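Q: The chain contents come next:
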Amino acid sequence: MATSNPTVLQFSPSSTSVSAKVHPLVVFNICDCYVRRPDQAERVIGTLLGSVLPDGTVDIRNSYAVPHNESSDQVALDIDYHHNMLQSHLKVNPKEVIVGWFSTGFGVTGGSALIHEFYSREVTNPVHLTVDTGFSNGETSIKAFVSVSLSLGDQQLAAQFQEIPLDLRMVEAERTTMVDKLPNDLEGMEASMERLLALIDDVYKYVDDVVEGRIAPDNNIGRFISDTVNSIPKISPSAFDRLVNDTLNLCLLEMAEFETAISDLRDRERERMGCGGNEVFTLVITFSVALITYKCNRLCQCPSQARLPISSSSVSANGFKPIVNIPMDRLKTTPKKRQILSLYILI
Amino acid sequence: MANTMARSFLQVAATEEVAPPLRVVQIEGLVILKIIKHCKELSPALVTGQLLGLDVGSVLEVTNCFPFPIRDEDEEIEADGANYQLEMMRCLREVNVDNNTVGWYQSTLLGSFQTVELIETFMNYQENIRRCVCIIYDPSKSSQGVLALKALKLSDSFMELYRNNNFTGEKLREKNLSWVDIFEEIPIKVSNSALISAFMTELEADSPVTQCDFDRLQLSTNPFMERNVEFLIECMDDLSMEQQKFQFYYRNLSRQQSQQQAWLQKRRTENMARKAAGEELLPEEDPSNPIFKPIPEPSRLDSFLITNQISNYCNQINGVAGQSFSKLYLMKALHEN
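From first to last, the protein sequence lines stand for chains A and B.
The UniProt record's numbering numbers the first residue of the first sequence as 1 and each following residue consecutively.
The UniProt record's numbering numbers the first residue of the second sequence as 1 and each following residue consecutively.
This is chain A alone, in the form it adopts within the complex (with noise of 0.2 Å):
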């Protein structure tokens, strides 16, 4: 007896070279609604929003959650929910599709396939995260999986979900989202300015250690080291003296001349109010008073002599990027501008 169909097992799709990426702001949604489910219910998922990048990157940057029900056997999900939420998501940002979904708890679950269906008829090959909240090892696990069904003909027995790779991108949050108070202007810089003594410190010591064989030298590291010094830029002593100079009268001018303008504008108008003062007058002075400053300051050229406690290398760490990124051109034309302005308010 021949087979007149031959029925063939195989996987669909049979490559899963995809791997995503998860923004912050994903995470912190899907602990948020966890944080927020109801009070019977064990896990929580939800729709995954994003792209799909040139390259086959799942690009996850949103996510919502969508209200369901579970049994042992059975799963209800609130489409017209789902439907609505991704309605008003589009209105914002057309450019966010489905990418796939999310659950809470660890690795995949029975109910899940089912959910994976539901998805796979919204998006081809959706994205399954899930985001361990229990910490059931101790330790965070955020994994993401795609379907691989398992199908005899057109029958479909089983699917597989297979491990992506997962790329977090936590700059953002970083940046933003682990500090009690935002630091003010000075106070982030001060911060920073600590950490990056702290790494040229950190360095000096080890290239001293080598020096005096303490430690065994790594070529790797040394190498790193001598790229870094050699990103610094050489300008001649004079060149580098006046370039600080200029910036630093400019600053300068700029400070007293906005504090002034601020102090003036306030005593002013209290005294004024109501009875029209010369505005512009005043300004005037303020501006020539500044302009005198500033025309003080470069007759002087004040040598600015502060140093800062650091130490006599000019090096820093492992991948630091060079900071010195003095744009030359500006510095040339930003005085004069200044000057333009001066006399722009004069008149």
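Please keep in mind that the hints were generated in silico from the structure rather than gathered at the bench.
Every value quoted in this text rests on a predicted model; they were computed, and no experiment measured them.
Be careful, since some hints might not be right.
Claimed, not checked - Derived list of chain A stretches under chain B, where covered just means 3 residues or more per stretch with a C-beta under 8 Å from a C-beta of chain B:
no., segment
1, 22-34
2, 88-102
3, 132-139
Where a beta carbon is used, it is the ideal one built from N, C-alpha and C, also for glycine.
Dock chain B against chain A, hints included.
A: Here is chain B on its own, set in the frame of chain A:
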């Protein structure tokens, strides 16, 4: 959850008579991320969204938010927007998100947010909810490693004046209100649920430097500075325009006053003559005369707002200049070594 909510509503109801002043705005990290995402993705377009949360005593908790689609002039679409808002709030309530509007957020460009529209929106919100806050996010500043978030509200005395639409010099003097008193900035506190904190601690990369540090130590601040100064110049222009309006008004006023004086003088001599002649005296006031018609005083709101903007730009320039100082000294030290 429901329990604490009920309690907080009770508290609010109990303290309705003596509403404590708003001290802190407590924002969830989730909300900040959502705001940043929305503002950044659609930058440079300016966007808005709604804040949801709870009002607990002197703390306003912002626990969630959702973005508004970019508005069109079309009326039909505007109605659509209202529907969207209701729909979104209904949906979020279903997944147990606090569905209590506490204000709105908006993005801005270099802090140029102090406009009449902002005040109007604020007044609209204020009519419906007792305590409302506006969160301003500046995406342009984030490239410098600063999280430019601000929580603002209008001061009570300003709102009272605005309701009566009364911005004459006299009223302002009476209230002792100057341009600094229009907006009140409220300190922001960031909070995260324990679950999120746990996740973040685990996931956070163990590197000694962050992207934020790179951004902060960037030496080129001039583009930012230049744009600030450009905006500042524009503001100065506007301010001097406003000033001219006032000068015009005062010139008119003094001319009118001298006319009135002249008229009065004339009337008096005429009356003296009539008295001498034994005739009936003419009244010393004549409302029908056009020179007695009061000239409307121009509103000071605009000039106040412009002054606010100027001060804002000045502060930003100041901040950047201060940072540049430190950076330059650091650079110098590096170079000398």
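Q: Could you run down the list of hints and mark each one as holding or not?
A: Here is what the structure says about each hint:
| no. | hint | result |
| --- | --- | --- |
| 1 | 22-34 | holds (count 10) |
| 2 | 88-102 | holds (count 4) |
| 3 | 132-139 | holds (count 3) |
Comparing the model with each numbered hint stated earlier shows that all of them hold.
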